[in-house]
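*Asks:* These protein sequence lines are chains A and B, in that order. Note that the first sequence covers residues 62 to 380 in our numbering. Note that the second sequence covers residues 581 to 883 in our numbering.
Hints are computed from structural coordinates only; laboratory data are not their basis. Using N, Cα and C, we set each Cβ at its ideal position, and we do this for glycine too. Treat the hints with caution; some may be incorrect.
Listed next, the in silico DMTMM-like pairs over lysine to aspartate or glutamate satisfying Cα-Cα at most 20 Å (straight line) [claimed, not checked]:
id, chain 1, residue 1, chain 2, residue 2
1, B, 615, A, 309
2, B, 615, A, 221
3, B, 615, B, 763
4, B, 615, A, 268
So the derived list for chain A, only partly shown, Cβ under 10 Å to chain B, looks like this [unchecked claim]:
id, residue
5, 131
6, 183
7, 185
8, 201
9, 349
10, 352
11, 353
12, 359
13, 365
14, 371
15, 374
The chain contents come next:
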Amino acid sequence: MIDEVRTMPTAVQPQLMRWSVVLPGLAALAVALVLPQFANAYVTEVATTALLYVVLCLGLNIVVGYAGLLDLGYAAFFAVGAYTSGILTAEFGFNFWLTIPVAMVAACVAGIIIGAPTLRLRSDYLAIVTLGFGEIVRIIARNLDITGGASGLIGIERPEIFGFKLMQVQHFYYAFLVLALLTAFVCLSVERSRMGRAWFYVRYDEDAAAGIGINRVTAKLQAYMMGAVIASVAGCLYAAKMTAISPESFTFNQSLLILLGVVLGGMGRIPGVVLGAVLVALLPEVLRGAGTYRPLVTAVALLAIMLFRPNGLWPDKRV
Amino acid sequence: MTLDLLIQQLVNGLIVGSFYALIALGYSMVFGVIKLLNFAHGDIYMNGAFVGLIVFSFVGLWVGNGWLGVVCALLVSMLAVGLLGVIIERFAYRPMRNAPRLSILITALGASMVLNGTALALTGGRHYAFNTDLGFAGVDISTVHITYTQMVLVAASIALMAGMQAFVSRTMYGKAMRAVSIDMGASRLMGIDVDRVIALTFFMGSALAAGGGVMAGAYYGSVHFFMGFIMGLKAFTAAVIGGIGSVPGAMLGGLLLGLLEAFGSSLPFVGSEWRDVFVFGTLILFLVFKPTGLLGRSVVERV
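Build out the structure end to end from the sequences listed, making use of the hints.
*Replies:* Spelled out as structure tokens, the structure:
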């Protein structure tokens with residue numbers, strides 16, 4: 062059976078050079094930089110959450126958007142980061158900044174345990190195994206003593222930088238902004254690297270990619286692990302901001318929201334993913350009165366996007 | 581482990597295992613025919629339990645809470661939810677049949693979330709009691725009491741699965757189903773109405789899941805909107821253990837997983853809170869060492 066011919070973008074052109082992206086991007090950055098000076102605490106709080114989602118969605122976008130792998134347990138890596146950093150600072154008195162590399166290594170190890178066996182198989186298997194992995198991490202966090210059980214971990218140290226302690230919402234807002242910009246920069250450079258091109262190729266046509274000498278298992282594993290590392294760093298900062306974390310912050314629903322952010326704006330494209338992440342962060346605020354209807358609204362949004370606008374709200378014109 | 585405990589866990593394992601097997605069968609059939617992981621399958625099981633409960637509470641007014649009520653609930657629920665499966669296939673999956681894999685998977689996930697979200701919105705997240713009156717009569721093997729209800733449940737699931745196996749291996753439609761699962765394009769050229777075969781597959785798979793849902797609801801006495809999530813995951817595990825795409829494999833996998841779970845959680849160091857971790861650990865081990873499952877054919881990945 063002949064599958065429909067899918068066009069592959071001739072080359073991944075630098076997105077930075079295009080005015081339709083640069084101008085809104087600069088405007089958004091300018092607003093983001095001055096926002097806490099004008100906004101009240103509530104708006105700053107929501108904006109901080111939005112930035113957290115930007116980081117997580119950009120990270121998941123590497124897995125889903127670039128490499129075309131469906132990860133349904135992404136919150137698990139977020140949890141690995143948050144708990145690693147939280148346990149090390151709260152129970153062993155580590156300096157916050159030193160916990161970040163440890164969390165990155167932990168996420169890598171978890172990524173290899175889950176990814177190495179499953180990425181050799183059909184991509185569908187990864188979806189369900191990651192779903193199971195997300196549950197396993199949550200169950201482990203709920204049943205171990207060191208993670209504080211169901212009530213969670215408390216007393217996580219606030220980070221200090223050059224003698225300045227991050228305390229208020231505004232401080233964390235800027236910390237997340239820096240992390241988001243850093244993540245976007247990493248995504249941009251990786252997108253145009255040899256590795257990034259390999260991911261795109263694997264996503265569009267696995268067999269052809271293997272034919273020209275790309276090791277598809279390695280390529281997928283790289284994408285999966287890079288996504289894991291980004292989520293774990295976001296988890297570290299999240300734990301420091303909240304000072305208390307519990308297993309209920311890392312449920313399947315959390316993974317779904319992150320995935321929705323990636324799909325909503327447009328998979329595989331940084332501006333679209335940022336837009337989607339912001340929308341997802343605003344969703345609970347908009348739907349505050351909807352109560353038990355909230356998951357249904359999220360679900361209908363996801364299904365409608367897939368059926369009627371599969372390339373997202375801000376799609377890539379090149380493909 | 582004493583002999584009594586052994587028998588008790590064997591019984592528990594067989595019952596849970598036959599539920600897993602019923603759900604796994606639908607997973608496996610749909611996967612076999614259109615190579616789609618139907619994420620909504622666990623939620624279809626949950627919907628089946630709810631439809632069964634609604635029918636049961638209406639019918640119960642006339643025929644009481646006994647066997648007749650449960651059988652009515654079972655049949656109506658299987659029919660209604662079977663049709664629901666066909667509707668989901670028609671409106672969510674069929675338009676995506678030629679789309680990239682990732683989009684199909686996300687659509688399936690969306691369908692699952694819509695079913696789950698609807699149930700949450702309608703029930704408000706409450707647990708509903710499924711109050712049956714099936715009696716506690718049964719036989720005693722040493723100190724273990726096995727009720728007739730438990731025996732009937734296992735026998736009914738085995739009968740449903742045997743019927744399914746006979747349908748797939750003996751009838752014309754079953755032959756068409758097998759043909760489509762081997763090569764959809766060639767089947768179409770041979771004059772098989774592929775859309776119809778796929779709809780039929782969804783009907784049968786969903787009906788089996790609904791049957792499992794009603795039986796599980798009646799057996800445990802409670803129905804909840806989130807009951808399908810873990811069930812879907814475990815049924816998938818069962819399907820993988822048995823070999824995905826294979827009907828006898830799904831049955832074997834379901835029963836094995838039920839027994840594994842029952843005996844695994846009674847081992848020292850593995851309390852019941854670790855049961856799910858144990859199950860997913862098994863899934864990952866199988867994917868590493870025997871991804872085709874016990875009875876599956878080896879499938880070469882082709883895009």
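*Asks:* Could you run down the list of hints and mark each one as holding or not?
*Replies:* Hints, verified against the model:
no.: 1; hint: B:615 to A:309; in the structure: violated, 33 Å
no.: 2; hint: B:615 to A:221; in the structure: violated, 52 Å
no.: 3; hint: B:615 to B:763; in the structure: holds, 11 Å
no.: 4; hint: B:615 to A:268; in the structure: holds, 18 Å
no.: 5; hint: 131; in the structure: holds, 5 Å
no.: 6; hint: 183; in the structure: holds, 6 Å
no.: 7; hint: 185; in the structure: holds, 4 Å
no.: 8; hint: 201; in the structure: holds, 7 Å
no.: 9; hint: 349; in the structure: violated, 16 Å
no.: 10; hint: 352; in the structure: holds, 8 Å
no.: 11; hint: 353; in the structure: holds, 5 Å
no.: 12; hint: 359; in the structure: holds, 7 Å
no.: 13; hint: 365; in the structure: holds, 8 Å
no.: 14; hint: 371; in the structure: holds, 5 Å
no.: 15; hint: 374; in the structure: violated, 15 Å
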